[in-house]
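Listed here are the chains, written in short residue letters.
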Amino acid sequence: MSTASVSLPNWITYGLIPILNLALAFLISGIVVWIIGEDPFEALTLLLDGALGRGEGIGFTLFYATNFIFTGLSVAVAIHAGLFNIGSEGQAYLGGLGAALVALALDHYVPWFAIIGAALFGAAWALIPAWLQAKRGSHIVITTIMFNFIGATLMVYLLVNVFIVPGKMAPETRTFLEGGQLPKLDWLMAMFGLKLGPAPFNVSFLIALAMCFLVWLLIWRTKFGYEMRTLGVSPSAASYAGIPYARTVIIAMLISGGLSGMMALNPVMGASARLQVEFVGGAGFVGIAVSLMGRNHPVGILLAAILFGILYQGGADLSFEMPNITRDMIVVIQGLVILFAGALEYMFRPALVRVYQKFTKA
Amino acid sequence: MDFLDILISILGSTIRLSIPLVFTALAGLFSERAGVFDIGLEGKMLAAAFAAACAAYVTGSAWVGLMSGIGVSVGFSLVHGFASITNRGNQIVSGVAINFVVAGLTIVLGQAWFGQGGRTPQLPNTARFSEIILPGAIAARDMGHLGKFYANVISGHNLLTYMAFVAVPISWWILYRTRFGLRLRAVGENPGAVDTAGISVAWLRYRAVICAGILCGFAGTYLAIAQSAAFIKDMSAGKGYIALAALIFAKWKPVPVMFACLLFGFLDAFANFMQGKSMPLIGEVPVQIFQALPYVLTCILLAGFIGVANPPKAGGVPYTKER
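Chains as they are written, first to last, in the working numbering: chain S, 310 to 671; chain E, 883 to 1205.
Hints in this document: simulated from the structure, not taken from any laboratory. The C-beta atom is built at its ideal place from N, Cα and C for all residues, glycine as well. Certain hints may be false.
Said to hold, decoys possible - Derived CB-CB ranges, DEER-like: (1) E/Ile1056 - S/Ser316: 53 to 59 angstroms; (2) E/Phe1187 - S/Ser316: 30 to 36 angstroms; (3) E/Trp995 - S/Leu497: 50 to 56 angstroms; (4) E/Tyr1044 - S/Ser316: 54 to 60 angstroms; (5) S/Ala414 - E/Gln998: 50 to 56 angstroms; (6) S/Trp421 - E/Lys1159: 50 to 56 angstroms; (7) E/Gly999 - S/Ala519: 37 to 43 angstroms; (8) E/Ser1110 - S/Lys532: 38 to 44 angstroms; (9) E/Gln998 - S/Arg363: 48 to 54 angstroms; (10) E/Ala1119 - S/Trp421: 36 to 42 angstroms; (11) E/Ala1119 - S/Leu336: 30 to 36 angstroms; (12) S/Lys670 - E/Thr1078: 42 to 48 angstroms.
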């Protein structure tokens, strides 16, 4: 009998297996650090200290985690409908355009409209791939990759030729005025007796938490969520049940794109207060890893996003302390986590099943 | 310069820019026709470029560089195979992971070994694949447009360029005229049937991804030690994805793959040429239009507006023998 059909208790599936996978990813990262000629344990201590040691570090960690919560949720919503959206990167980029347009137009006034702008533009960028998948049968993975690149060139064009401040070299918009930025969360940190310092930890984190709850509500507590999950598990069953394929696909992708787009709030409105080239910086792809590690559940996504936040912030700090380890080491660790927690997630399963059966029989 | 001279110079750079695309798209062809999606083409190409540049620098031999490039690229192919064939993991996730690992690792190792911010040291000409001047090319340069075409477009490329154009008919022959090719295509359409015939699906798919690794190795080597003389960080710059687009644009067929790559290479060359120039009537055309065009064209094709692009039926689906 194949081991794939044996069911394991939840603590193994949701606890032990992810931990083993993570451990392996970190083990290999440690070997890379050792090859470079640094002490892996010292590097790990520095990384954790940089990410969690001081209030400022925690602020940055949560700032990065906010990005990953949004993109992770975006990927998860699509996955529940059986769609693999790897266009989060591009949708977030375009979401930045939406947020920036609102911020440039309204400036002082409530920055909250920017949330709608970001979500609308992100959703709009997911619309064409969604429509192509729903009506013309083109593979969503491929079209969303293409749209990532189309979006990137479009944004470079807009920033270089349209939004650039005359007389400046950097392709970015002007800085939004005071009040066109999202408030920081220093009070939240102060509640825990921590000082935020210059870390750009802002209200988008709370918006992200609200989205976690709303996504949970959507997927497990609404009729549409049920239709989405049915389509995700079995398209033919969904079709027999009379669930309209095209409508479900398009709405699911719009929600997914909207969530990605809202990620832009955090860096654009919360941190730099202007729209910059490449501000997404791979967060869309990290979202895939976050969603996978979090088993496409908002709680799991939150935890995984914080883990990646720790990696981002700790890794940045580490590269200051150990100049031999450049910031790009984070990219390596991310890649390894995606590999072991994502693509190789069931590597340990057959062995664990055998061990488990031995114990339960005895 | 008259119009034909400009065209000839653009065609010359079209060839140079198409070569990594041709190799990489053929790599994708082998992998995807066997039913294994490969987003990791980009990463494998980059890894090969880094390995080739390092090995060529250390040994001073371009051939050792090529072998190392291929070796490292095949290594990553095997990781992809292990994840997506043996462990039936998600092929797209595995590809994304490889891209991440390579993008980071090349810079981290490059910085640790050479300390030049992720670059490898400049290579002398003897450690590169340098231009080959075909017989009569210098004389032909003065013999009208046809001569210039011969001198600039046909001649004056390095060995790997010519190998790319040889790789196209060879790939076609392997896929359509050998038993291995027939089985490879079958395993991408209906692995169950192949399994029933008593042929190992896993071993076939492993061989397909190894072929992909070898070809990506050529592509990366070309970038690092033929087109340039060092590894520069992120030097693949999305070429793996353009090659993927070309593969789809060519509807997963070898000879059209070559033409699609030449078309996308031409767009790239044309964009370089147009930079800062203005066209009659239209004015200055933003280069971004040409950069986005390969992706836009591929989407239009996928939408079914230019013929129909049908991917291999079992593409992206891991094969499970029993349930």
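Which of the listed hints are not met by the structure?
1, 2, 3, 5, 6, 8, 9 and 12
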